[in-house]
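Protein chains: 2
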Amino acid sequence: MADQIEDTPVYYEELYDLEREFEDVEVEIIRQQYILSKPLYAKRAELVAKIPKFWALVLEQAPVEIDEYIQPTDANVLYSHLTNLTVSRFSLEEDEKKGDPRNFLVRFEFSENEYFEDRVIEKKFWWRHSKDGFEGLVSEPVTIKWKEGKDLTEGLLDLAKAVYDEQLAAPKEAKKGKQTELTEKQKTLKKKISETGMGGVSFFCFFGYVGEIVSEEESKEVIAKENERRKKRQAGEKVKDEDEDMEDEEDLDDDEEDDELDIFPPGDVVAVTIADELWPNAIKYFTQAQDQDLDDVDFEDFEEDDEEEENSGNARPPKKHKRCASGCKH
Amino acid sequence: MADQIEDTPVYYEELYDLEREFEDVEVEIIRQQYILSKPLYAKRAELVAKIPKFWALVLEQAPVEIDEYIQPTDANVLYSHLTNLTVSRFSLEEDEKKGDPRNFLVRFEFSENEYFEDRVIEKKFWWRHSKDGFEGLVSEPVTIKWKEGKDLTEGLLDLAKAVYDEQLAAPKEAKKGKQTELTEKQKTLKKKISETGMGGVSFFCFFGYVGEIVSEEESKEVIAKENERRKKRQAGEKVKDEDEDMEDEEDLDDDEEDDELDIFPPGDVVAVTIADELWPNAIKYFTQAQDQDLDDVDFEDFEEDDEEEENSGNARPPKKHKRCASGCKH
Numbered sequence: 072m073a074d075q076i077e078d079t080p081v082y083y084e085e086l087y088d089l090e091r092e093f094e095d096v097e098v099e100i101i102r103q104q105y106i107l108s109k110p111l112y113a114k115r116a117e118l119v120a121k122i123p124k125f126w127a128l129v130l131e132q133a134p135v136e137i138d139e140y141i142q143p144t145d146a147n148v149l150y151s152h153l154t155n156l157t158v159s160r161f162s163l164e165e166d167e168k169k170g171d172p173r174n175f176l177v178r179f180e181f182s183e184n185e186y187f188e189d190r191v192i193e194k195k196f197w198w199r200h201s202k203d204g205f206e207g208l209v210s211e212p213v214t215i216k217w218k219e220g221k222d223l224t225e226g227l228l229d230l231a232k233a234v235y236d237e238q239l240a241a242p243k244e245a246k247k248g249k250q251t252e253l254t255e256k257q258k259t260l261k262k263k264i265s266e267t268g269m270g271g272v273s274f275f276c277f278f279g280y281v282g283e284i285v286s287e288e289e290s291k292e293v294i295a296k297e298n299e300r301r302k303k304r305q306a307g308e309k310v311k312d313e314d315e316d317m318e319d320e321e322d323l324d325d326d327e328e329d330d331e332l333d334i335f336p337p338g339d340v341v342a343v344t345i346a347d348e349l350w351p352n353a354i355k356y357f358t359q360a361q362d363q364d365l366d367d368v369d370f371e372d373f374e375e376d377d378e379e380e381e382n383s384g385n386a387r388p389p390k391k392h393k394r395c396a397s398g399c400k401h
Numbered sequence: 072m073a074d075q076i077e078d079t080p081v082y083y084e085e086l087y088d089l090e091r092e093f094e095d096v097e098v099e100i101i102r103q104q105y106i107l108s109k110p111l112y113a114k115r116a117e118l119v120a121k122i123p124k125f126w127a128l129v130l131e132q133a134p135v136e137i138d139e140y141i142q143p144t145d146a147n148v149l150y151s152h153l154t155n156l157t158v159s160r161f162s163l164e165e166d167e168k169k170g171d172p173r174n175f176l177v178r179f180e181f182s183e184n185e186y187f188e189d190r191v192i193e194k195k196f197w198w199r200h201s202k203d204g205f206e207g208l209v210s211e212p213v214t215i216k217w218k219e220g221k222d223l224t225e226g227l228l229d230l231a232k233a234v235y236d237e238q239l240a241a242p243k244e245a246k247k248g249k250q251t252e253l254t255e256k257q258k259t260l261k262k263k264i265s266e267t268g269m270g271g272v273s274f275f276c277f278f279g280y281v282g283e284i285v286s287e288e289e290s291k292e293v294i295a296k297e298n299e300r301r302k303k304r305q306a307g308e309k310v311k312d313e314d315e316d317m318e319d320e321e322d323l324d325d326d327e328e329d330d331e332l333d334i335f336p337p338g339d340v341v342a343v344t345i346a347d348e349l350w351p352n353a354i355k356y357f358t359q360a361q362d363q364d365l366d367d368v369d370f371e372d373f374e375e376d377d378e379e380e381e382n383s384g385n386a387r388p389p390k391k392h393k394r395c396a397s398g399c400k401h
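Just so you know, the protein sequences line up as chains A and B, in that order. Residue numbering for the first sequence follows my numbering, beginning at 72 and increasing consecutively. Residue numbering for the second sequence follows my numbering, beginning at 72 and increasing consecutively.
Treat each hint with caution, since some may be false.
To be verified - The calculated lysine-lysine pairs, modelled on PhoX-like cross-linking and capped at a C-alpha distance of 20 Å, are: (1) A/LYS303 / B/LYS261; (2) B/LYS296 / B/LYS202; (3) B/LYS261 / B/LYS232; (4) A/LYS221 / A/LYS195; (5) B/LYS303 / A/LYS114; (6) B/LYS195 / A/LYS302; (7) A/LYS216 / A/LYS195; (8) B/LYS216 / B/LYS195; (9) B/LYS202 / B/LYS291; (10) A/LYS169 / A/LYS195; (11) B/LYS195 / B/LYS291; (12) A/LYS114 / B/LYS302.
Unchecked claim - Away from chain B, derived, C-beta distances all over 12 Å, residues of chain A: (13) PRO143; (14) TYR186; (15) TYR235; (16) ASP236.
Source of the hints: derived by calculation from the structure; they are not laboratory data. No residue lacks a Cβ here, since even glycine has one placed at the ideal position from N, Cα and C.
Just chain A, with the same shape it has in the complex (with noise of 0.2 Å):
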C-alpha cells in the first residue's frame, strides 16, 4: 500500500482539486434551489400563518439531529410558544448572483412565555475557511433576556457572550503567542461547561454556538490564495505544498481548546440540519405529525388500519416513500 501511495502523489492534488470542482457545483445548486423555491416559499408561510402551532408541531417531529438537544424543560417553551421557524440565505437576498450560498440565519419567533422577554431570536451561520485549515459554519453568541430565575441555559450563555468579546477584543497576540493560559472568564466557562450534568445542556445553548473566530477578510484571502493555486496547478504549474502556509502544527491544539470553550459543540450540524432538512421538509413533518394526531382520533365511519395509517383522512398523500421525490431517506 505505501507503494501505490508513493507511485501516485500527483493524482492527490488532481483528486483534490476536482474535489473542489464538484464541491463549487454543490454550492451553484444551493444557489439555483433557492432562486426556484423562493416564490414556494413565500406561498407556504401564508399558508402556515393560518395554521395554529404548525412549526412547533415540525419542531416535534424534527429528525434527532435536533431532537436530542431538547431538553424536556425547552420542550415546554419551545413546542408551547413558538409561533414562526424561518431560514433565510441572507447573502442571497442581498446579492443573488454572488452571494455565498451556503450562510444563512434561523429566526425563532415566540409568543409571551415565562423564560424569557424576546419574542424574536435570530442566528447567523457564516461559511468561512481559517488559516489554519478550518472550514465550515462559524456564529457569534446570541443572549436572551432570561426572566428572573428562569435563564435556562444557566448562565453559560451570558458567560460564552463575554468570552467571546473577549477573544475579539484580543486575538491575534493570544493566537501568536500560542496562548497555553486561559483568561480569567475562560477559565470560569470551561469549569462551568465541565460542571455540566450527565443529562446535557439546554437547547438554547445552541444560540451560543461559536465555531471559529474567523472574520470575512481572513476567509475571502485564505479561499482567494486557494484558487489561485488550483489555477496554477491545473495550468500544468508546480505549487508549493499549502502545509507550508498554513500556521505551526502546534496550532491544530486550539481547535481542542476552542471546542472546550464551546458551549454548544454540534451548533453547526443543527443549523444545518434546520436549514436543509427542516426548513425545505415542513410541511412532510406537519403531516407526519397530523398523521399521529389521526391514529389517536376514533372515526366512526372510518375503518382505520393500523399498519396504512399514512393513508387515513382526506387527499393523503400516497401511503409509501413520501420523502423519496429526489432519494429515500429511510
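With chain A fixed as given, assemble chain B onto it according to the hints.
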C-alpha cells in the same frame, strides 16, 4: 386536536399541492446538478481509471445503508474484483430537458473471478407512481451467470427472475381477482426467503430487487391525473377525493405480499445511497480510505499526530468539515 383537524380540512389539500410543487423543484434541481456535473464526472472517470482499486476502496468506505448488506463472502469478490462503478441518469442522457431525472442505472464492472462469468452487471431503476398509491423506485431482477456451485444468492436471484417473469405474463387477472393464492413458483420463493439464515442474504440479491411492478404507461397515466387534479384545485375548482379513484383498500395487502416475495426489499435504499451519496462523493470516500492507510504507514521524516490524521501527507484537504460544502453529514 380533532376540532383542529375538522376546522382546517382545506389546508391538507393546499399543503399537499404545495408539497408537490416543492418536489417538482427538487426534481429540476437533480436535472441542473446533472448538467453542471457532467464534465466533472468525465474528468473524474479519466483520473480514476489510472488509480487501481479506486472503486473497490470507495465501496469499502460505503455508508451503513450499503455496507450493512455486504456479507464476508460478498466482500471477497466485491473488494478484490470490482474494477469500475458507474451511475447513469439514462433518461436525462436521452433527453436532458424532459427526461425524468430520478431514473438511473448502476453499472458494476468486475475482473475475472471464481464466482461468476459476467464482467458487467447493470441494474436500472425507474421512478413510478402506481394506481394503488405507490410512489418510488422500481426495478427488475437481473440474473448473474454464476459458476458451478458458486451462486452466492443460493438460487434466490434466479427464482426472483422466474417469479417476476410469471407476474409480467399474468398481472391484471391476478390483481383484479384479489389473488390470495400464490403460484407454485411464488410459494417456493416465499419459502426460500423465510428460510434465510440470521446473517441475511448476499449483497448480490440486490440485483433481484423489484419494488413494485408498475408499467411506464400506468405511471404516466397516474401522474397526468394527479397533475390535472392539482391544476383544478389551484384554479379553485372542487375536485373529488383522490382516494375514490384508488383501488380498493384491500389491495394494500398486496404490498405486504410483494415484500414477502422481494428477495431484497431495501433495494431502493441501497440504490439511492449508491446514486446520491457514494457516486457524487466518491473522491471523499477514496480520500478517507487513503487516510486510514496512511495511519498504518510509518513516515520517517513526518511526525504523525494521530488525532489530526486527516491532515497528514501532501495537499490534504483541511482537517475539519471536509464534507460540509452544502451541509454537514456528521
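A quick look at each hint next to the structure:
no.: 1; hint: A/LYS303 / B/LYS261; verdict: 61 Å, violated
no.: 2; hint: B/LYS296 / B/LYS202; verdict: 10 Å, holds
no.: 3; hint: B/LYS261 / B/LYS232; verdict: 13 Å, holds
no.: 4; hint: A/LYS221 / A/LYS195; verdict: 25 Å, violated
no.: 5; hint: B/LYS303 / A/LYS114; verdict: 18 Å, holds
no.: 6; hint: B/LYS195 / A/LYS302; verdict: 38 Å, violated
no.: 7; hint: A/LYS216 / A/LYS195; verdict: 18 Å, holds
no.: 8; hint: B/LYS216 / B/LYS195; verdict: 18 Å, holds
no.: 9; hint: B/LYS202 / B/LYS291; verdict: 10 Å, holds
no.: 10; hint: A/LYS169 / A/LYS195; verdict: 18 Å, holds
no.: 11; hint: B/LYS195 / B/LYS291; verdict: 18 Å, holds
no.: 12; hint: A/LYS114 / B/LYS302; verdict: 16 Å, holds
no.: 13; hint: PRO143; verdict: 21 Å, holds
no.: 14; hint: TYR186; verdict: 25 Å, holds
no.: 15; hint: TYR235; verdict: 19 Å, holds
no.: 16; hint: ASP236; verdict: 24 Å, holds
The structure is inconsistent with the numbered hints 1, 4, 6, although it conforms to all the rest.
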